[in-house]
Amino acid sequence: MTKHHPTSEWIALVAVLLVVGGCGQSEQVVFRLNMREVVSNQIEPQYQQQIVNVIEAMFGTPDGPSVMPEMKLDIKHLKFAAGPVWDDQAGRRHGLYRKHCAHCHGINGDGRGPTALFLDPYPRDYRPAVFKFKSTYNPARPTTNDLHRTLMNGVPGTAMPSFALLPPAEVAALVEYVKYLSMRGQMETALIGYVFDELGEGDDGNLIPLDPVNDSEQRNVIVDELLGDIVTGWEEAPEQVIHPDPDAIPVDKSSAQWAASVDKGRTLFYGTKANCVKCHGPTGLGDGQQDDYNIWNKAVMTFEEATDSLPNQIKTTRASMKKMDKEQTVATKEDLVLLHRSLTDHREVLEELLPPRNAIPRNLRQGMFRGGRRPLDIYRKVYTGIAGTPMPGGGPVTPGAKGTLSDEEIWQLVDYVRSLPFEPASQPTRLRINYDVLN
Amino acid sequence: MIKQSKTCGLWLVPCVVWLASGCGERGYLGPVANSHTAIEIRKALDTFSGSAGEGATAGVASSGTGWGTLRGRFTFDAAPPTMAPYDVTKDLATCTLDGKPPLQQTLLVDSATKGIKNIVVFVRNAPRVHESAGPSKEPIIFDQKECVFVTHVLPLTVGQSLQLKNSDNVGHNTNIRGKKNTFNQTIPAGASVPFTPQKEEALPAPMNCSIHPWMSAYMLPRENGYYAVTAEDGTFEIPHLPAGEDLEIQVWHERGTGPGGGVVLSTPEAKEYKWSKKGRFKVKLEPDKTKEIDLNVPETAFRS
Amino acid sequence: MNRFWCIVFLLVPILGVATFIVAPYYNIWFPRDVSTHGVTIDNLFMFILWLTGILFIGTEWALFQFTWKYDAERNPEPVKFSHGEHTLEVVWTIVPAVILLFIAIYQMDAWAAAKMRKPNIRPTAEIAGRQFNWDVRYPGADQQLHTLDDIVRYDGNIHLPMGEDVLLVIKSQDVLHSFFLPNLRLKQDVIPGMEQAMWFYAKDTGKFDVVCAELCGWGHYKMKARLTLQTRSEFDKWLAETYKAEQAMKVATVDQ
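Which chain is which? The protein sequence lines are H, R and D, in order. Heads up, the first sequence is in my numbering, so the first residue is 181 and it goes up one at a time. Heads up, the second sequence is in my numbering, so the first residue is 23 and it goes up one at a time. Heads up, the third sequence is in my numbering, so the first residue is 379 and it goes up one at a time.
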């Protein structure tokens, strides 16, 4: 009997252990910067480190969140939502965000969790603090009620389910954590903007450091201006809620009045005042203008275009070197090195981003309204549009101003939109298959 | 018993190597925070809370007197590029002339003078403002015709009202996506909708139409009137600028290669002005004198 | 096989039977049944369990006996090949066949009651499964589904009346799911493109689980809903309140 060499079995065992062990997945969970913003603004690595330090100073880590009193966030809620998933002695669940949300929305709230690529539409990126389904004017933040409503109802027509079956305390904790991640994302962008605008090379040729410990003016700017602006936006949201004028709300419509309202709404829908059919399509199927983007995809689109333009820039710069003198050539060579580095950075960041998709207008004949199907919800969408998307508003821009459409007209449009799924064209009769004819 | 081949397990080696190499950090994920430094910073930030009420930024201290003028010209250092037509996909009757869509306006170079149009030159952080350059209250009409914004780049002061007008027979909606100002309203045919930007933008904000997404323009609300847009021949002029002190000027073009669109020049003439990678330069004016800046901009300063 | 391993082998069926005996004391047994036909299904289950259980114990004991008696160390003589026994083979083919036939006929009524005898009433609700949520639509005042006055809810709180026949229309909006009501002993795969019916008569009120029983993607584990069974009057009241909330045209509460 020949001796059996167990080497191949050992190699197989090691390979299996590596795969099963999960290469390097035991690293600690950390927040990362918004690398798309960082690379677009050509922020130097030194500044990147300083920025991420300041952000952690202000907001903490995924396992240990912290808030500053200016943020007006409830740390108790955040402590339940953050960190790994575990149950304490009293049976309360911790790590709610990681249990329920992180796999789609990402640990940063950037909408790029592990399952995000498989979803249409992509999960929301909280960092620009723009939310589609809210009750406030277009540029305003959502109220806590709005976020709560989204969690309770889910977003029908998307992969966002309802979390109404969770205990109310858990839902409140998740809402607070979403606001926290949103503010954190806003602060990142604000700091990157500040570093780009105001800092940079000083008179001595060195980079002015982002150093709030030693520079009191920077501290001033960070807390008062940057954070202050962000928090004011969130605080003012309840004042920006759209309240339909109670006198203009149609009540107790008889079926004849209803039909008249739907008719007027139909005229508006297909007219040039409200321009609905231009995007929603000549028959309301959403097949009008489909070439535009929402802001989340537009940002990736712009980044992609910038990445694609860099190789050409390198080429033309190299070509222009032929006409230069020695001194200029040296400087241009330095520029080329930077361009190459920028191109590598752009490409690496682009790999991590989700491929951009067009904003397809809603097919209104399906009766699937993502932001809510109450007349009030549709009223608000027509009044102020949907933030972050190409959908424009037709009502007043600020409370008290005069808009393109009057309240009465908006309610007529609401009636028409709600009746659209029940028009004969939306409900084709289902024919029974005549098998005799088929065979 | 079959003899065990010595090479039977060898195929596993490249698999293991591949697994091991694939298990490193992918892509450019950015830095991780240093917890010790973060704690220090937090201590410093916490001690700050309480001095709210003071003016946010003390503002740039003024050290000069008098007012000067900045004048200049940007010319293109290569053959003027031909602009491709826009991709018109809607309302062809209104948006095309004899079936021809309008040409893009992304880089307009005058064939006679080689001047570059639509470069925005504006002052960042003015130390003091002349009364004629303060915020204006005059409304500006911003029109769109034949599915093209009539003004391609519009600087204005914060608080000035933009009358967004639609002179076409089809509806438009004007979608303004700035970092600090957003707006999205439908504008019926023949009508006008007002918009008043409330905050200053650091760089021009893009505007487009959702119904006709090829329509593009830029608007720049600033707190003072120290801005200018180059004309067709590439000339610009900003009068009544504070003289005797360093002024930082931002130069912007929609196809500028700097972050956000700054025009980055690395020619020897530009180096004299200490032109930065952000499209900015510094200049000091003399009172009652005009400074001329004539710059030749190479092709490489614009994105393709 | 030496006798030590025979004992080890015997432990397996012993443990198997022991878990069945002990499980109810750990609450790992049938969920509470609040339906009328559920008792038939539970009875069927228990019948099959006892039948197979007895046969299991019998065959395992026989197997153990053979391995114990005929272990290699104590039986050094060579094995004698037997060409089988005809009568034995006939018996142990016919007896199981009869038992299976019995089970098949016995359960036909239960199957028909749950899958074929649809009550001739209007649907009480339509349940649509999507990745990863259960949506419910009630017909509204006109008693017709898919009309303007429907009440549609996406929050996983399904209310249905007890003490009367309830008919549900179930469907899927994307992939295969399975609408599973453990406390009513009902489970049906929902197939995209196909509308199916499910019906029951509930005997009690309360809040019960609804889970998805067909792997539908990465969120299958959390595709849950809550079934609330109420008396008809309470159900009508809830429907009326929900309808009013769904028709909201103004803001009733103070926003925060």
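Among the hints, erroneous ones may be present.
What the hints assert, rightly or not - In silico SDA-like links for lysine to any residue, alpha-carbon gap of 20 Å or less:
{"#": "1", "chain 1": "H", "residue 1": "582", "chain 2": "R", "residue 2": "127"}
{"#": "2", "chain 1": "R", "residue 1": "293", "chain 2": "H", "residue 2": "519"}
{"#": "3", "chain 1": "D", "residue 1": "600", "chain 2": "H", "residue 2": "309"}
{"#": "4", "chain 1": "H", "residue 1": "453", "chain 2": "R", "residue 2": "210"}
{"#": "5", "chain 1": "D", "residue 1": "600", "chain 2": "H", "residue 2": "518"}
{"#": "6", "chain 1": "D", "residue 1": "622", "chain 2": "D", "residue 2": "502"}
{"#": "7", "chain 1": "D", "residue 1": "493", "chain 2": "D", "residue 2": "482"}
{"#": "8", "chain 1": "H", "residue 1": "433", "chain 2": "D", "residue 2": "427"}
{"#": "9", "chain 1": "R", "residue 1": "299", "chain 2": "H", "residue 2": "387"}
{"#": "10", "chain 1": "R", "residue 1": "65", "chain 2": "H", "residue 2": "329"}
{"#": "11", "chain 1": "R", "residue 1": "187", "chain 2": "R", "residue 2": "162"}
{"#": "12", "chain 1": "R", "residue 1": "299", "chain 2": "H", "residue 2": "373"}
{"#": "13", "chain 1": "R", "residue 1": "306", "chain 2": "H", "residue 2": "272"}
{"#": "14", "chain 1": "H", "residue 1": "312", "chain 2": "H", "residue 2": "274"}
{"#": "15", "chain 1": "R", "residue 1": "65", "chain 2": "H", "residue 2": "400"}
{"#": "16", "chain 1": "H", "residue 1": "503", "chain 2": "R", "residue 2": "210"}
{"#": "17", "chain 1": "D", "residue 1": "581", "chain 2": "D", "residue 2": "482"}
{"#": "18", "chain 1": "D", "residue 1": "615", "chain 2": "D", "residue 2": "551"}
{"#": "19", "chain 1": "H", "residue 1": "279", "chain 2": "D", "residue 2": "589"}
{"#": "20", "chain 1": "R", "residue 1": "139", "chain 2": "R", "residue 2": "154"}
{"#": "21", "chain 1": "D", "residue 1": "600", "chain 2": "H", "residue 2": "282"}
{"#": "22", "chain 1": "H", "residue 1": "506", "chain 2": "H", "residue 2": "522"}
{"#": "23", "chain 1": "D", "residue 1": "622", "chain 2": "H", "residue 2": "329"}
{"#": "24", "chain 1": "R", "residue 1": "221", "chain 2": "H", "residue 2": "309"}
{"#": "25", "chain 1": "R", "residue 1": "299", "chain 2": "H", "residue 2": "337"}
{"#": "26", "chain 1": "D", "residue 1": "602", "chain 2": "D", "residue 2": "619"}
{"#": "27", "chain 1": "H", "residue 1": "502", "chain 2": "H", "residue 2": "519"}
{"#": "28", "chain 1": "R", "residue 1": "296", "chain 2": "H", "residue 2": "518"}
{"#": "29", "chain 1": "D", "residue 1": "565", "chain 2": "D", "residue 2": "518"}
{"#": "30", "chain 1": "R", "residue 1": "304", "chain 2": "H", "residue 2": "379"}
{"#": "31", "chain 1": "H", "residue 1": "582", "chain 2": "R", "residue 2": "65"}
{"#": "32", "chain 1": "D", "residue 1": "622", "chain 2": "D", "residue 2": "530"}
{"#": "33", "chain 1": "H", "residue 1": "495", "chain 2": "H", "residue 2": "519"}
{"#": "34", "chain 1": "D", "residue 1": "600", "chain 2": "D", "residue 2": "581"}
Unchecked claim - Part of the chain D face toward chain H, derived, beta carbon under 8 Å:
{"#": "35", "residue": "414"}
{"#": "36", "residue": "510"}
{"#": "37", "residue": "596"}
{"#": "38", "residue": "624"}
These aren't lab readings, by the way, just hints derived from the structure by calculation. If you're wondering where the values come from, they're calculated on a predicted model, not measured in any experiment. For every residue, glycine included, the Cβ atom is placed at its ideal position computed from N, Cα and C.
Results of checking the hints against the structure:
A distance of roughly 33 Å separates the Cα atoms of residue 582 of chain H and residue 127 of chain R; the hinted pair therefore is violated under the 20 Å criterion. At most 20 Å may separate the alpha-carbon atoms for a hinted pair to count; residue 293 of chain R and residue 519 of chain H meet this at roughly 19 Å. Note on residue 600 of chain D and residue 309 of chain H: the hinted pairing is violated, with a Cα-Cα distance of about 27 Å set against a maximum of 20 Å. For the proposed pair residue 453 of chain H and residue 210 of chain R, the alpha carbon gap of about 4 Å is at most 20 Å, so the pair holds.
Taking the CA atoms of residue 600 of chain D and residue 518 of chain H, the gap is about 48 Å. The hint is violated against a cut of 20 Å. Restraint check: the Cα-Cα separation between residue 622 of chain D and residue 502 of chain D comes to about 19 Å, which is no more than 20 Å; the hinted pair holds. Taking the CA atoms of residue 493 of chain D and residue 482 of chain D, the gap is near 15 Å; set against the 20 Å cutoff, the hint holds. Our distance criterion of 20 Å between C-alpha atoms is broken by residue 433 of chain H and residue 427 of chain D, whose separation comes to about 61 Å.
Distance restraint check for residue 299 of chain R and residue 387 of chain H: the Cα-Cα separation of roughly 13 Å lies within the 20 Å cut-off, and the hinted pair is therefore satisfied. This hinted pair does not check out: residue 65 of chain R and residue 329 of chain H have alpha carbons roughly 37 Å apart, beyond 20 Å. A distance of roughly 10 Å separates the Cα atoms of residue 187 of chain R and residue 162 of chain R; the hinted pair therefore holds under the 20 Å criterion. Between residue 299 of chain R and residue 373 of chain H the alpha-carbon distance is near 15 Å, which keeps this suggested pair within the 20 Å criterion.
Under the criterion of a C-alpha separation no larger than 20 Å, the hint pairing residue 306 of chain R with residue 272 of chain H is inconsistent with the structure, at around 65 Å. For the suggested pair residue 312 of chain H and residue 274 of chain H, the alpha carbons sit about 28 Å apart, so the restraint of at most 20 Å is broken. Annotation: proposed proximity of residue 65 of chain R to residue 400 of chain H holds, straight-line Cα distance about 14 Å (limit 20 Å). At roughly 53 Å between alpha-carbon atoms, residue 503 of chain H and residue 210 of chain R are farther apart than 20 Å, so this suggested pair is violated.
A distance of roughly 28 Å separates the Cα atoms of residue 581 of chain D and residue 482 of chain D; the hinted pair therefore is violated under the 20 Å criterion. Simply put, residue 615 of chain D and residue 551 of chain D have alpha-carbon atoms about 29 Å apart, too far for the 20 Å limit, and the pair is violated. At roughly 18 Å between alpha-carbon atoms, residue 279 of chain H and residue 589 of chain D fall within 20 Å of each other, so this suggested pair holds. Taking the CA atoms of residue 139 of chain R and residue 154 of chain R, the gap is about 25 Å. The hint is violated against a cut of 20 Å.
Between residue 600 of chain D and residue 282 of chain H the CA atoms are separated by roughly 14 Å; this keeps the pair inside 20 Å, and the hint holds. Simply put, residue 506 of chain H and residue 522 of chain H have alpha-carbon atoms about 24 Å apart, too far for the 20 Å limit, and the pair is violated. Distance check on the hinted pair: residue 622 of chain D and residue 329 of chain H sit about 17 Å apart at the alpha-carbon level, within 20 Å; holds. For the hint pairing residue 221 of chain R with residue 309 of chain H, the CA-to-CA distance comes to about 18 Å; that is within 20 Å, so the pair holds.
Annotation: proposed proximity of residue 299 of chain R to residue 337 of chain H is violated, straight-line Cα distance about 46 Å (limit 20 Å). A threshold of 20 Å between alpha carbons decides the hint, and for residue 602 of chain D with residue 619 of chain D the separation of about 24 Å lies outside it, so the pair is violated. For the hint linking residue 502 of chain H to residue 519 of chain H, the alpha-carbon distance of about 18 Å falls within 20 Å, and the restraint holds. Between residue 296 of chain R and residue 518 of chain H the CA atoms are separated by roughly 18 Å; this keeps the pair inside 20 Å, and the hint holds.
At most 20 Å may separate the alpha-carbon atoms for a hinted pair to count; residue 565 of chain D and residue 518 of chain D exceed this at roughly 26 Å. As the CA atoms of residue 304 of chain R and residue 379 of chain H are separated by approximately 15 Å, the hinted pair is consistent with the 20 Å bound. As the CA atoms of residue 582 of chain H and residue 65 of chain R are separated by approximately 49 Å, the hinted pair breaks the 20 Å bound. Under the criterion of a C-alpha separation no larger than 20 Å, the hint pairing residue 622 of chain D with residue 530 of chain D is consistent with the structure, at around 12 Å.
Between residue 495 of chain H and residue 519 of chain H the alpha-carbon distance is near 10 Å, which keeps this suggested pair within the 20 Å criterion. As the CA atoms of residue 600 of chain D and residue 581 of chain D are separated by approximately 28 Å, the hinted pair breaks the 20 Å bound. Violation of the interface hint for residue 414 of chain D is found here, the shortest Cβ-Cβ separation to chain H being roughly 27 Å, above the 8 Å cut-off. Nearest Cβ of chain H to the Cβ of residue 510 of chain D: about 5 Å, under the 8 Å cut. The hint holds.
At about 6 Å, the closest approach between the beta carbon of residue 596 of chain D and any beta carbon in chain H falls short of 8 Å, and the interface hint on this residue holds. Evaluation of the residue 624 of chain D hint against chain H yields a held restraint, the C-beta minimum of about 5 Å falling below 8 Å.
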